[in-house]
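K.L.:
Next come the chains, spelled out residue by residue.
4 protein chains.
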Amino acid sequence: MAEAKIIRADTLGEPNYDSPLKGQINRFYNGEAVACNDRTKDFADLESIDDIDYFELAGPREKLFFNPKNVTVGIVTCGGLCPGLNDVIRALTFCSLQSYGVKRVLGFKYGYEGLVAKYYHYPIELTTDNTDEIHEKGGTILKSSRGAQDTDEIINTLIHYGVDILFTIGGDGTQRGARDIVEGVKKRNLPIAVVGIPKTIDNDIDLIQRSFGFETAVEATWDIITNAHSEAKAYRNGVGLVNLMGRESGWIAASASLANSNVNFCLVPEVPFDLHGPNGFLQHLKTRLQNKEHAVVVVAEGAGQNLFDALLGTNKSGNKNLNDIGILLKNEINAYFKAENMEANVKYFDPSYNIRSRRANANDSMYCLRLGNNAVHAAMAGKTNMIVGLHHDRLIHLPIPMVGARKTIDPQSWFWQTVVQATHQPAQMANS
Amino acid sequence: MAEAKIIRADTLGEPNYDSPLKGQINRFYNGEAVACNDRTKDFADLESIDDIDYFELAGPREKLFFNPKNVTVGIVTCGGLCPGLNDVIRALTFCSLQSYGVKRVLGFKYGYEGLVAKYYHYPIELTTDNTDEIHEKGGTILKSSRGAQDTDEIINTLIHYGVDILFTIGGDGTQRGARDIVEGVKKRNLPIAVVGIPKTIDNDIDLIQRSFGFETAVEATWDIITNAHSEAKAYRNGVGLVNLMGRESGWIAASASLANSNVNFCLVPEVPFDLHGPNGFLQHLKTRLQNKEHAVVVVAEGAGQNLFDALLGTNKSGNKNLNDIGILLKNEINAYFKAENMEANVKYFDPSYNIRSRRANANDSMYCLRLGNNAVHAAMAGKTNMIVGLHHDRLIHLPIPMVGARKTIDPQSWFWQTVVQATHQPAQMANS
Amino acid sequence: MAEAKIIRADTLGEPNYDSPLKGQINRFYNGEAVACNDRTKDFADLESIDDIDYFELAGPREKLFFNPKNVTVGIVTCGGLCPGLNDVIRALTFCSLQSYGVKRVLGFKYGYEGLVAKYYHYPIELTTDNTDEIHEKGGTILKSSRGAQDTDEIINTLIHYGVDILFTIGGDGTQRGARDIVEGVKKRNLPIAVVGIPKTIDNDIDLIQRSFGFETAVEATWDIITNAHSEAKAYRNGVGLVNLMGRESGWIAASASLANSNVNFCLVPEVPFDLHGPNGFLQHLKTRLQNKEHAVVVVAEGAGQNLFDALLGTNKSGNKNLNDIGILLKNEINAYFKAENMEANVKYFDPSYNIRSRRANANDSMYCLRLGNNAVHAAMAGKTNMIVGLHHDRLIHLPIPMVGARKTIDPQSWFWQTVVQATHQPAQMANS
Amino acid sequence: MAEAKIIRADTLGEPNYDSPLKGQINRFYNGEAVACNDRTKDFADLESIDDIDYFELAGPREKLFFNPKNVTVGIVTCGGLCPGLNDVIRALTFCSLQSYGVKRVLGFKYGYEGLVAKYYHYPIELTTDNTDEIHEKGGTILKSSRGAQDTDEIINTLIHYGVDILFTIGGDGTQRGARDIVEGVKKRNLPIAVVGIPKTIDNDIDLIQRSFGFETAVEATWDIITNAHSEAKAYRNGVGLVNLMGRESGWIAASASLANSNVNFCLVPEVPFDLHGPNGFLQHLKTRLQNKEHAVVVVAEGAGQNLFDALLGTNKSGNKNLNDIGILLKNEINAYFKAENMEANVKYFDPSYNIRSRRANANDSMYCLRLGNNAVHAAMAGKTNMIVGLHHDRLIHLPIPMVGARKTIDPQSWFWQTVVQATHQPAQMANS
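Protein chains in written order, with my numbering: chain A, 164 to 595; chain B, 164 to 595; chain C, 164 to 595; chain D, 164 to 595.
Among the hints, erroneous ones may be present.
Copies of one chain are not kept apart here, so a pair can be met inside one copy or by any two copies together.
In silico DMTMM-like pairs for lysine to aspartate or glutamate, Cα to Cα no more than 25 Å straight-line [as the list claims (entries may be wrong)]: (1) Lys168 - Asp216; (2) Lys281 - Glu456; (3) Lys266 - Asp573; (4) Lys493 - Asp292; (5) Lys570 - Asp556; (6) Lys300 - Asp386; (7) Lys185 - Glu433; (8) Lys349 - Asp487; (9) Lys455 - Glu506; (10) Lys501 - Glu288; (11) Lys300 - Glu456.
Calculated from the structure, these hints are not laboratory results.
Fair warning: this is a prediction, and the values are worked out from it, not measured in the lab.
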C-alpha cells in the first residue's frame with residue numbers, strides 16, 4: 164500500500180524541555196496522524212484510501228521547544244466581532260499561565276495596530292485575575308481593528324517586548340498577516356512561534372468543520388426569524404425579510420433556515436438567482452403570497468451580487484448602498500408589488516451587529532476553551548505557521564498556507580437540498 | 164368643601180340583568196370614584212383637593228346591561244404589532260365565554276378592514292380552545308391593518324353579525340374610529356357597546372400610567388444596548404448607535420437608558436438638539452470619544468425632527484429617507500468625524516420590528532389579562548365609548564373623548580433629569 | 164374641611180446647605196404630601212377624604228442637612244438574595260459620589276456582621292469604577308448574612324469609620340435593626356441618618372406597591388411553568404408541581420399563575436386548604452386528571468402550613484423537612500394516587516435559588532436606580548428612620564415604624580378571584 | 164491491502180421502486196462506506212488502517228424498498244423527555260409526507276403502551292398541519308411512558324393499522340424493544356422496517372458523537388451555574404451545589420464545567436471519590452472555602468454511587484432517598500462543616516426537569532431535522548434494525564445490535580484532564 168500522506172505543522176526546531184503536563188495524562192499526542200481530509204473523495208472508493216491526507220492531531224506534547232518560565236506570550240484579536248473572542252483570550256491566558264507557568268502574557272490592543280509602535284497602543288498584561296470573567300461578555304477586551312500592518316514593524320515590536328509566542332485570532336487576512344510574520348522571523352532567524360486561532364462567524368474555512376461563534380450566531384437567528392414570522396403573518400401579504408451574515412458563503416442563512424422551519428426562501432451567495440422573469444424570485448414570492456398571504460425570506464449578505472451588475476447597467480449612479488442585498492431586496496419587493504398593484508408589507512430585519520457582539524453560547528464556549536488550550540500546547544512545542552481547528556470532530560494542526568480556500572455550500576449537496584426541501588423554495592430561481 | 168368631580172364612562176342604559184359573577188366576590192365595584200387625576204397639581208396644595216377629578220374604577224358590576232347568553236362579542240386589532248395583543252384577545256375571549264357565558268365571540272381580521280364587507284375578510288369564531296395558547300406567541304392571530312374605514316359600513320357589519328359588544332384594540336386612530344362608531348350607533352339608536360383597549364408600545368397615552376407591551380419593549384432593549392456597548396468598546400472611537408421606537412415621545416429610549424447604564428447619550432423627541440456648533444451633539448460626542456474612546460447613543464425614532472428642516476434647506480433633494488433620524492445620525496456622525504480627520508466606527512442597530520413582534524413578558528401578560536377582563540366587565544354593564552387603563556396603579560374607565568392628548572416626557576421633570584444624570588449627557592445640546 | 168394628615172419622615176435637624184442639584188430642575192420636592200394611603204377606604208365615600216393619610220413625596224431637596232464634601236456613606240445588604248441588590252448598591256454609590264460629591268462610600272460586607280468589629284470584615288471603598296458594571300450580575304458584591312447584631316457595636320463601627328449616612332438594604336428584620344440603630348444614635352445624640360431600601364422578593368410590604376426584584380422573580384417563573392406544563396402533558400396523569408417563594412404571602416405564586424395560563428392550581432398561604440376529603444385538594448386534582456390527564460400546580464412555600472399540624476398529630480417524628488410544603492405535596496400526591504390505584508407522575512420543580520440569584524430585569528433595574536437615588540436625596544436632606552418605596556405609583560418616604568405590617572392577598576379581593584378564574588380551581592378547597 | 168470492513172444495516176430485501184427524490188441531487192448515497200470507527204486505535208499506526216471498520220453513510224437512496232404511496236408510517240416516543248423530541252416527530256412526518264408522499268403517518272401515544280391494544284391509546288394521524296409548529300415547544304406531542312411491552316402485541320397492532328415503517332424514538336431500552344420487534348416481524352415474515360432515533364440527553368451512546376438534546380441541556384446549565392456562583396459568593400463559605408443529569412456518564416456535568424468556568428468541583432460517575440479522609444472531597448472543599456470563601460460544585464446524578472454502600476454499612480435504614488447523590492452531598496457537607504465548627508451555606512440546585520422539558524436550541528433543531536429525514540430515507544430503502552446518528556461528523560447507519568455499549572468519560576483522556584485543569588480540582592479525591 165502506498166504511504167498515507169501526513170500533513171504536519173512547521174516547527175521551530177527540536178523540543179527539548181519536559182512539559183509540566185507530562186505524566187498528567189496517560190499518553191501524549193506527539194504528532195500522530197488523524198482524521199482524514201476526504202473533501203473530494205467521499206470514501207467512495209476504499210481502494211484509494213492510501214492516498215488520503217492525514218492531519219496532525221492537536222494536543223499537549225511531552226517535550227517543549229520553549230522553556231516555559233522564560234516565555235512571553237502575545238495575543239492579538241483582529242477584524243469584526245465574533246462570539247467567543249474573550250473565551251479564546253481567556254483560555255490562552257489561563258493555559259499559558261496556569262498549565263505552563265509562562266513568564267507573562269501580553270495583550271496587544273486594536274488588532275495589528277497594537278503591534279506597530281506609531282499607534283501608541285501599549286499592550287496590557289493579562290492575568291488570571293483580569294481575564295477571569297471576561298467570557299461572560301461579548302466583544303473583545305483586547306479591542307480590534309481591520310487591515311494589515313507592516314510586517315517588519317510588527318516583528319520589531321515582538322522583539323521589543325520579547326514575545327516568544329504570538330497568537331493571532333482573526334480571519335483570512337489576519338492569518339495571511341501571521342504567515343507574513345512567520346516568513347519575516349524566519350528571515351531574521353528568530354525563534355518566535357506564530358499560531359493562529361481562525362475566526363469567521365460565517366464558518367467558511369475550508370477543511371475546518373466549524374469555526375467558533377458560528378453556532379452562537381445561528382442560535383441567535385432563531386428568535387429573530389420567529390419574530391419576522393409573527394410580523395409577516397400579522398399583515399396582508401406580509402414579508403419578513405431577514406438579512407444575515409455571510410459574505411461569500413451562506414452557512415448562517417442556510418443553517419438558520421434548517422433550525423427554524425418558518426423560513427420560506429433562503430438566498431445564499433452560492434446559488435445565484437434572478438429577481439424578475441417567470442422563474443425569478445419575485446414571481447415565486449408572489450405565488451407564495453397568493454397562496455399563504457405571508458412569507459419569511461432569509462438572505463445572506465453576500466447573496467445576489469450578480470444582481471448589482473445588472474442594475475448598475477441601467478442605473479449609472481453607482482450608489483454604494485446598492486451592494487446591500489437586504490436593502491435592494493426590500494426596495495425591489497416593494498417596487499414589484501406596487502407595479503403589480505398588489506399590497507405587500509415588507510418588514511426588514513438586519514440584526515448582524517446584534518448577533519456578532521453577544522457572548523458565546525455554552526457549546527462555543529467549550530470549543531473556544533479547547534481551541535485556546537491546544538493553540539498553547541502547539542506553540543509551546545515549537546509549532547508555528549499553523550492554526551488549530553476541528554476536522555471530522557478532532558482538533559488538528561493545519562498549516563496556514565493550506566488555509567486560503569473558502570468552504571462554501573455546494574448547491575448539489577444534500578445539505579443544500581435539505582434547505583430546499585425544508586423551505587419548499589424552488590431548486591432554481593433563475594430564468595436561464 | 165366643593166364636590167369632587169367624578170368622571171364616568173357613558174352607558175347604554177339601565178343595567179338590569181344579574182351578573183353571573185354576583186356573589187363570587189364580597190363587594191362589587193359599582194362605580195366608585197378612584198385615584199385622582201392630579202397631573203397638574205402634584206398635591207402641592209391640599210386645600211384644593213376638592214376640585215381634583217376622580218375616575219370610575221374598573222371591575223365587575225353586579226348588574227349587567229346585556230343578557231350574557233344572547234351576546235355576540237366582536238374583537239378587532241389595528242395598527243402596528245405590540246407585545247401582548249394575543250394576551251388581550253385571549254383574555255377577552257375567555258372572560259366573555261367562561262365568566263359570562265356569552266353566545267359567541269367573533270374575531271374580525273386585518274383591523275377595521277375586517278369590518279368592511281368589500282374586503283372579504285370573514286370573521287373567525289374565537290373559542291377557549293383556539294385561543295388557549297396564543298399568548299405564547301407574538302403578533303396577533305387576528306392580523307392587523309392600518310388606517311380608517313367607513314363608519315357606516317362598519318356598523319352595517321356589526322348589525323349583520325349581530326355584534327352587541329365591540330372591543331377595539333389599537334392606538335389613537337383606532338380609538339378615534341371607535342368613537343365614530345359610538346356616534347354612529349347612537350344615531351341609529353343601536354344598543355351596541357364599544358370598549359377600547361389602548362395600544363401604544365410608546366407608552367404615550369395621557370392619564371394612563373402604562374400601556375401594555377411597553378415594559379416588554381424596554382426589557383428587549385437591554386441586550387441590544389449591552390451588545391452595542393460591546394461593539395463600541397471593541398473599536399477605536401466606536402459608536403454604538405441604537406434606534407428605538409418612540410414617534411412623539413421618548414419613553415422607551417429614556418427608560419432603556421435608565422435600565423442599562425451603558426448609554427451615554429439619549430435623544431428623545433421632547434428635547435430638541437443641534438448636531439453642529441460648539442454645544443451640538445457632535446461636539447459632545449467628540450469630547451466623549453476623546454475621553455473614553457467609545458460611546459453608546461440611543462435615539463427615539465421621533466427625535467431630532469427639527470434637524471430635517473434645517474437639512475432640507477440646504478439639501479433640496481428632499482430624500483424621504485432623511486426623515487429616518489437613525490440613518491441621519493449615522494451619516495452625520497460619519498461625515499463629521501471624516502471632516503475632523505478622526506477615526507470613528509459607527510455600528511448601527513435598528514431592532515424595532517424585532518422588539519414589537521415578540522411575546523409579552525410576564526408582567527405585561529398579567530396586565531393584558533386584567534385589561535381584557537375589565538374591558539369585558541365594563542361592556543357587559545353597558546359601558547361604552549371608553550377605554551380601560553391603569554391610573555395611579557388602579558384600573559379605571561376613561562372616556563374615549565379624554566384620550567386624545569399624548570403623554571410626553573417633561574424635560575423639566577425629575578424623570579428626565581435622572582436620565583441626564585445617568586447618561587452624563589449635557590442637559591442641553593442646543594446652541595441657542 | 165378637616166385637615167388631611169400628612170405623614171412625614173423624621174429629620175436630623177434643619178437642612179442648611181445648598182444642594183448641588185439646586186437649579187438643575189425647575190422645582191424641588193420639598194416635602195409635599197402625595198398619593199393617599201387609602202388601603203381601607205377604597206374611595207367609596209368622598210365625604211371622608213379629609214381624613215385620609217398623605218405621604219411625603221421622595222425626591223431631591225433644595226437644602227441639605229449634610230455638607231456633601233464631608234460626608235461618608237455606608238451601605239449594607241442583609242438577608243437572602245434578591246434581583247437588583249447590585250443595582251441599588253450602584254445607584255447609591257453613583258448618586259452619592261457623582262450627584263452630591265460625597266467624600267467616600269464604604270461598603271460593609273456580610274450584612275450587619277460587617278458592622279461588628281469582632282467579625283473582621285473590613286469595609287471596601289466603593290467607587291464609580293468598581294461598581295460600574297455590577298448591575299449586570301446577580302447576587303450582591305457586598306455579600307450578606309442573616310440575623311441581628313448588637314446595636315451598640317454597630318454604632319461604634321459607624322463612629323469609627325465616620326459614617327454619616329447608613330443605607331440598609333434588607334427585609335423586615337433589617338429595617339427593625341435600622342430602627343434600633345436610629346434609636347441608638349438618638350440616645351448618643353449622633354447626627355447619623357439611617358435610610359432603608361426595603362427588600363422582599365415576596366412583595367409583601369404593606370403600603371408599598373411593589374418591591375424590587377419581585378417582577379424579575381415573576382418573569383423567571385414563566386419558563387419554569389411552561390416547562391412544568393410540557394412535563395405534565397407528556398405523561399399519563401402528569402403533575403407539574405412548582406414550588407415558588409412566598410413565606411407568608413402568595414404574590415409570586417399568584418402573579419405567576421396570572422402571567423402563565425398553564426397553571427391549574429395555585430396554592431398560597433392566605434387561602435388554607437385541605438388535602439383530603441370530598442372538597443380537598445387531592446380530590447380536585449384527581450378530577451382534573453380524570454378530565455385532562457395532566458395538571459400544573461403552583462405552590463408558595465408558605466402555603467398549607469396548617470397541614471403540618473394535622474400531620475404532626477399522627478406522625479410524631481416531627482421531621483423538620485415536613486415543613487417543606489413542596490415535598491409534602493409531592494409525597495402526599497404520590498401516596499394518594501397509589502392508594503387510589505391510579506397512575507400519577509409527579510414532576511417536582513424547586514427553582515427558588517435559581518430565581519433569586521439572577522440579575523434584575525429592565526423594569527426592576529430602573530426601579531432600583533430610582534430607589535437608590537431617592538434614598539440618597541432623602542438622607543442628604545437629613546431624613547432618617549425611613550424607607551423609600553412606591554405607593555400608588557409615586558415614590559414616597561415611609562417612616563420605618565409604619566413598615567411592620569405585611570401585605571397579603573385578600574382572598575375576597577378581585578385579584579384573587581381573577582386567579583381563581585384563570586386557573587379554574589375551586590374557590591374553596593376546604594371541607595368545613 | 165486487506166479489505167476494509169464495512170458495517171451495513173440490515174435490509175428487508177431488494178429496493179425496486181424509484182425514489183421521488185431521484186434526480187433532485189447529483190449523486191445518491193447508495194451505501195458507500197464512511198468515517199471510520201477508530202475508537203480503539205487513534206490512528207496511531209497507519210499500517211493497520213485496512214482493518215478499521217467503516218460505517219454506511221446515511222442519506223437518500225435512488226431505489227426504494229417501499230412504494231411510498233402505499234406506505235403507513237408509525238412513530239412512537241418513549242422514556243424521559245429530551246429537547247428535540249417534537250423536532251424529530253416533525254421531521255419524520257414532513258419528510259414522509261412531503262418528500263416521499265406516503266399514505267399516512269400515525270403517532271402512537273404514551274410510548275410502547277400506545278402499541279398495545281389493552282391501553283386504549285388510539286393513535287393520532289400526523290399531518291404537516293398538526294405538526295407544523297410543534298418544534299417550538301418542549302415535551303412530546305405523542306406523550307411517553309417508560310418500560311417494555313409485549314412484543315407480540317406490539318406487532319399485532321402494527322399489523323392492525325397496516326404500519327410498514329415504525330420509528331422508535333427513545334433510549335437503550337427503547338432500541339432493545341425495537342430489536343425485539345425486528346426479530347418478531349422476521350419470524351412472522353412481515354415486511355416491516357424498524358428504524359430508531361436514539362435519545363439520551365446524557366450523550367452516552369457509544370460510537371455516536373452526539374445525541375440530540377445534549378447541547379441544549381449543556382446550554383441550559385450556563386445560567387444555572389452562573390446563578391449558583393452568585394449565591395455562593397454572596398454568603399460566607401457559600402457552596403452552590405448543582406445536581407445535573409448523567410446516570411452512568413458525566414458528559415453534561417463535565418461539559419457544563421468546561422462551558423462555565425465558575426465551577427470548582429465536577430463530580431462524575433466515571434471518577435469515584437471519597438467524602439472523608441485527608442484526600443476526600445470534603446477536605447478539598449474545606450481548603451477551597453478557606454482560600455476563597457465560596458465554591459461551586461457540579462455533580463452528575465450518577466456520581467459517587469460507591470458512597471451509598473459505605474453509608475448503608477453504617478446506616479441500616481436503607482433509605483431509598485440516599486441514592487440521590489445531590490441530597491447526600493448537601494447533607495454531608497452540612498454535617499461535615501457543623502462538625503468542623505465552620506460556617507457553610509449550601510445552596511442546592513436541582514434543575515433536571517426544567518432542563519429536559521425545554522425546546523431544542525437551534526443546533527439541536529437542525530440535528531433533529533437531519534436525524535428525522537435520514538431515518539425516513541433509510542426506512543424507505545428498506546433498511547431496518549438500525550439507528551441513525553452522527554459519527555466523526557457524518558450521519559451513519561448503525562445496526563441496533565451494536566448500540567448496547569455506553570460512551571463514558573475516560574478519566575485518562577485529555578477531555579477529562581481539561582476539566583481537571585479548568586476547575587483546578589484535584590486529579591484524585593480518593594484516599595487509596
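K.L.:
All hints, please: hold or fail.
P.N.:
Results of checking the hints against the structure:
1. Lys168 - Asp216: both (5 Å within a copy, 20 Å between copies)
2. Lys281 - Glu456: Answer is between; shortest inter-copy Cα gap is 18 Å, intra-copy 59 Å.
3. Lys266 - Asp573: neither (47 Å within a copy, 32 Å between copies)
4. Lys493 - Asp292: Close neither inside one copy (48 Å) nor across copies (30 Å); limit 25 Å.
5. Lys570 - Asp556: Both ways: lysine 570 and aspartate 556 sit 16 Å apart in one copy and 16 Å across, limit 25 Å.
6. Lys300 - Asp386: both (20 Å within a copy, 11 Å between copies)
7. Lys185 - Glu433: Between copies, since 22 Å is at most 25 Å while 47 Å is not.
8. Lys349 - Asp487: Intra 42 Å, inter 54 Å, cutoff 25 Å: neither.
9. Lys455 - Glu506: Answer is within: at 14 Å inside a copy they meet the 25 Å cutoff, but 44 Å across does not.
10. Lys501 - Glu288: The answer is neither: 59 Å in one copy and 33 Å across copies each exceed 25 Å.
11. Lys300 - Glu456: between (40 Å within a copy, 19 Å between copies)
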